[in-house]
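Got chain Z sorted already, so can you dock chains B, D and Y onto it with the hints?
Protein chains: 4
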Amino acid sequence: MKILVTGFDPFGGAHINPATEAIKLLPQQINGAEIITIQIPTVFRKSIDVLFRAIKKESPDMVICIGQAGGRYDITVERVAINVDDARIEDNEGNLPIDSPIFEDGAPAYFSDLPIKAMVQAMQAANIPASISNTAGTFVCNHLMYAALHYASQYQPDMKVGFIHIPYLVEQVVGKANTPSMNIQDIVRGLTVAIHAAIENKRDIKVQGGAIC
Amino acid sequence: MKILVTGFDPFGGAHINPATEAIKLLPQQINGAEIITIQIPTVFRKSIDVLFRAIKKESPDMVICIGQAGGRYDITVERVAINVDDARIEDNEGNLPIDSPIFEDGAPAYFSDLPIKAMVQAMQAANIPASISNTAGTFVCNHLMYAALHYASQYQPDMKVGFIHIPYLVEQVVGKANTPSMNIQDIVRGLTVAIHAAIENKRDIKVQGGAIC
Amino acid sequence: MKILVTGFDPFGGAHINPATEAIKLLPQQINGAEIITIQIPTVFRKSIDVLFRAIKKESPDMVICIGQAGGRYDITVERVAINVDDARIEDNEGNLPIDSPIFEDGAPAYFSDLPIKAMVQAMQAANIPASISNTAGTFVCNHLMYAALHYASQYQPDMKVGFIHIPYLVEQVVGKANTPSMNIQDIVRGLTVAIHAAIENKRDIKVQGGAIC
Amino acid sequence: MKILVTGFDPFGGAHINPATEAIKLLPQQINGAEIITIQIPTVFRKSIDVLFRAIKKESPDMVICIGQAGGRYDITVERVAINVDDARIEDNEGNLPIDSPIFEDGAPAYFSDLPIKAMVQAMQAANIPASISNTAGTFVCNHLMYAALHYASQYQPDMKVGFIHIPYLVEQVVGKANTPSMNIQDIVRGLTVAIHAAIENKRDIKVQGGAIC
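Protein chains in written order, with my numbering: chain Z, 1 to 213; chain B, 1 to 213; chain D, 1 to 213; chain Y, 1 to 213.
It should be emphasised that the hints constitute simulated quantities derived from the structure, not laboratory data.
Glycine included, each C-beta is placed from N, C-alpha and C at the ideal position.
Treat the hints with care, since some could be wrong.
[To be verified] Sample of chain Z residues at the chain Y side, in silico, Cβ under 10 Å:
hint : residue
1    : R72
2    : Y73
3    : M123
4    : N127
5    : S131
6    : L169
7    : V173
8    : V174
9    : G175
10   : K176
11   : N178
12   : T179
13   : P180
14   : M182
Chain Z on its own, in the form it takes in the complex (with noise of 0.2 Å):
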């Protein structure tokens, strides 16, 4: 088995990524599958052309993207990824695309078919805050997401394909007031765990998960 996880670089102004720092320190194999990583830039198209190339280099069974979502408090695995560009800061090439779609024949959204509750309970299993998210945003992320699951869609159903957000990095946060951050090694160890739990892809697993609104 072999499964791409892509890590996004640096935007925003920021100097590093901690989903690029994270693919750096994953074991080369989990629960016996082999484990891909590339860079992502952090660019509307761009990231999509990067990411299918590699997909058709590795012909993945699996493809996991990590992105940073800064202001989270914990590791999480996104449920959905919807069909819309909208972004309120330039990526890292200077486009800032307002809602527009990601792929004019694509569907209004595409569900993850990792087993996301699975993954989310193995990471607090294994003592790292983890949940589920229902919104991957409008910016690249989100964007990389629907592109990997519309390419599933259309080309290669049996590839699985998910996505995980992080939060800033602990040294991120020095001098930031009031925002929580997660060291690299807990992210390091909540990854590796969550990809062996989609590996593993418990299908049954039906908990409570949603949100309350």
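Relative to the frame of chain Z, chains B, D and Y by itself:
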């Protein structure tokens, strides 16, 4: 023009629901349109039945559902509803659906066809804190929003549909540490200008409004 | 009975200060007491000069200073003022004192001699979110509260002194993500019942009100 | 040089206290000083008895007490302790003091005589989020800090005293929504460099560090 505005009854052990309180105070006419209000039970399926019956009876040109989002700081206009029920607490009749589609034949998601950014801007211009939200959760709020959009897509494509989440009322957070709230008069004023903007339907507003992550 | 209520002018680049706005709207009489209001410059030392001059002119029985605590969720009655100025931003005349005592001969701290818990309870009973605070910071708010208590201890031991912090106004947080606020009417109502309770001075109220840590 | 470092036992129904966990992992020597650690019961009065007995036995040059501040985002060095016990929950032996002085003959407050800003800067320079706090609360943490400073002022003016609050551990917030935490290794590293800086005692550091309000 006729607008049906719905508000949920209290749930989760609360004695009041700001949505119910707010719709009672809406004016009977906004921007020339007639405002019809109904209370909706916070119950999966039954909420949909009550809504669909009201739509059939009233034949509104627009449906705007209002719900409480405890913990949010401002009034949020929802962008999208997704085809999943996933409850963390029981609804008012003890239902606890987990990872179930709302309509087996429904689209994965429906985007609101209200001018959500114009509505946010109108509230901000009226000095009411407001923003776009990219998730209505997976409880009865998303359930009802999804159902209304599904209904419109199937039977009444000219009927506009949207959802607005409002914070806790001031009196709901007395004694609760660090919990944001909003005054009922500010909520009603916000909803009124948002509905006013929805009626004007300035579709051309294209401003940065996305979430970064 | 005569009560002097002070409010700071805007600082830190803001155009309004909720304290100034709130004291303008206070009734002229509360619970039989005459309410005198003055605006205080957000300037180290000068704020004290203005306050002391007003105290000498008015000979109030009670002094209650009001200040903005941006980021707080509720109205907080301060328990204590400490003998230190330590500014993170410049005041309105460019002063930036660091780790300096306010009065060289002053006590390390003075406790407010208002019935702070009765004031909090009165606000909560009136459906206004309120709590005790154990720190008035180290900027001009604490500076003024300390000075007023120091003055009373030196020259006028019968004069009661206290400080109330109020959140941002609703209009101040438009466009700011995740920032709590309060409606000016609720603030004025809260201050009014708090002052009413201070006048009654029910000293016997002994309820759990501490902070855990 | 000898430094006594104290950590509280678990309280409020928790199974662990990060303070106890952290002091176990401190090195036996820091910057040439001997580090003695003791656990302190989270009990009013008894905590003081245990501390005073240890001070008499060890005759330390410096006392640094460590406590948990659940809900804080970073490591905070306390500036001041105030002469009041005011509990919101019972301590570990059911005591619930309300608005009581800690020592009838004590000063209203004592300022820590550690170089608190140098300690914060040392932690930040080591990539550990840290800041000054102006309140240690009114529970057993403030109680112990106050008592240690009172003891020093009465009997041992050369003994330096301070208090450091640490956040929840990562494992303590699993399943708790929106609660900040810190990895035990980061906490230990932070405490170690803070103690290192306290020993160097660079008193001349005068930087902006105050709270705005």
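Status of each hint after checking the structure:
Checking Z:R72 against chain Y: minimum C-beta separation of about 9 Å stays under 10 Å; hint holds. Evaluation of the Z:Y73 hint against chain Y yields a held restraint, the C-beta minimum of about 5 Å falling below 10 Å. Taking 10 Å as the C-beta contact cut-off toward chain Y, the hint placing Z:M123 at the interface holds, the least distance being around 8 Å. Hint status for Z:N127: holds, given a least beta-carbon distance of 4 Å to chain Y, under 10 Å.
Hint status for Z:S131: holds, given a least beta-carbon distance of 7 Å to chain Y, under 10 Å. Annotation: Z:L169 was flagged as interfacial toward chain Y, and the flag holds, the nearest CB pair being 9 Å apart, inside 10 Å. Interface hint at Z:V173: satisfied, since its Cβ lies 5 Å from the closest Cβ of chain Y, which is below the 10 Å cut-off. At about 5 Å, the closest approach between the beta carbon of Z:V174 and any beta carbon in chain Y falls short of 10 Å, and the interface hint on this residue holds.
Restraint check, Z:G175 versus chain Y: the minimum CB separation of about 6 Å is within 10 Å; hint holds. Interface restraint check: Z:K176 against chain Y, minimum CB-CB distance 8 Å, threshold 10 Å, status holds. Hint on Z:N178 holds. Least Cβ distance to chain Y is approximately 5 Å, under the 10 Å limit. Interface restraint check for Z:T179: the shortest CB-CB distance to chain Y comes to about 6 Å, inside 10 Å, so the restraint holds.
The criterion of a C-beta within 10 Å of any C-beta in chain Y is met by Z:P180, whose closest approach is roughly 4 Å, and the hint holds. For Z:M182, the interface hint holds, the least distance from its beta-carbon to any beta-carbon of chain Y being 8 Å, beneath 10 Å.
The structure is consistent with each of the numbered hints, conforming to all of them.
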